[in-house]
Amino acid sequence: MKMEERASETAMITASLRALSNYEEEERIRSNDNIAECFLPEERKTVLKEKREREKIKAQIPKGLYEYVISRTKYIDRVLLDAVKNDTVQVVFLGAGYDSRAYRLNALLRNTKIFEVDAKPTQEYKISLLHKFGIEISKNIRYVAVNFEKDELFKKIYESGYDAQEKTLFIWEGVTFYLSERTVIKTMKKIRENTIIGSRVCFDFQTISSESDLINTGIKEEEIKFGIETDKIESFVSENGYAIVEHINSTDMEKEFLTLENGNLFGKIMPIMNFLLIELK
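Residue numbers (full-length UniProt numbering): 1 to 281.
Treat the hints as calculated values from the structure; they're not laboratory data.
Cβ atoms here follow ideal geometry from the backbone N, Cα and C, with glycine treated the same way.
It is possible that part of the hints are untrue.
[What the hints assert, rightly or not] Taking CB as the label site, the calculated pair distances span:
1) Val89 x Asn264: 39 to 45 angstroms
2) Ile57 x Ser138: 28 to 34 angstroms
3) Glu181 x Lys45: 34 to 40 angstroms
4) Glu42 x Leu265: 18 to 24 angstroms
5) Met270 x Glu9: 36 to 42 angstroms
6) Lys232 x Leu265: 35 to 41 angstroms
7) Tyr23 x Leu129: 15 to 21 angstroms
8) Ile244 x Arg54: 35 to 41 angstroms
9) Lys189 x Ile57: 36 to 42 angstroms
10) Tyr23 x His247: 27 to 33 angstroms
11) His131 x Ile57: 26 to 32 angstroms
Let the hints inform the model, and build the full structure from the sequences given.
Take a look at the structure:
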């Protein structure tokens, strides 16, 4: 996500889709993000109350995006909880946006150091809304305000109490799309240099055969710049010092997160969409 001197529009869109999914009739499709709605302006909240209005909204969403956000939310929830169960003591959200995991899963994360890294405007707005709606901000949560274009990322994280010798999960959700390949590789290198073997990075990305395959968001300030060629995923990960723990493609997402009780699919996801969980070698 490109960080400007304002709250990110893509972060708001993602929160809107999470909030919308929490109204789905079939429980297995809901994101279970009961906090996402708090981050929305009143006009976006109001329309969610009526089923007819929700259906109108869904009809206007780009094909596959809603289903993708539902799947991604559920997948990263699982990755986070599995990491905590397996002795990961630090979690770093890179470009946290309006991620609510530190609050809605706080009972399970109280012994985990949480670092929410984001641009100051988005972060300040988020914190103000958490206070407004009486949502507890646990003492284990650290907010790290970073200008991703100017600041030294890990210098800021270290100042907030980060320990490079602790097993860490880095959650990089909905971010790599908006970065150049050079910046993605540089960030992977910085993570590698500032953590220990066994630490993991979870991120999503699109596959491409050429730059023309990159999705057009229609938002000039947040254009998509990064993708990985389909047959080069493994080499991209390996060449940057990591090993693949799990690669989830669109078919996997549909099967695991969008299959209804009757066996039908709730919806389809664009074939180019992927999740990766990688581990430092």
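Violated hints, by number in ascending order, as checked against the structure: 4, 5 and 6
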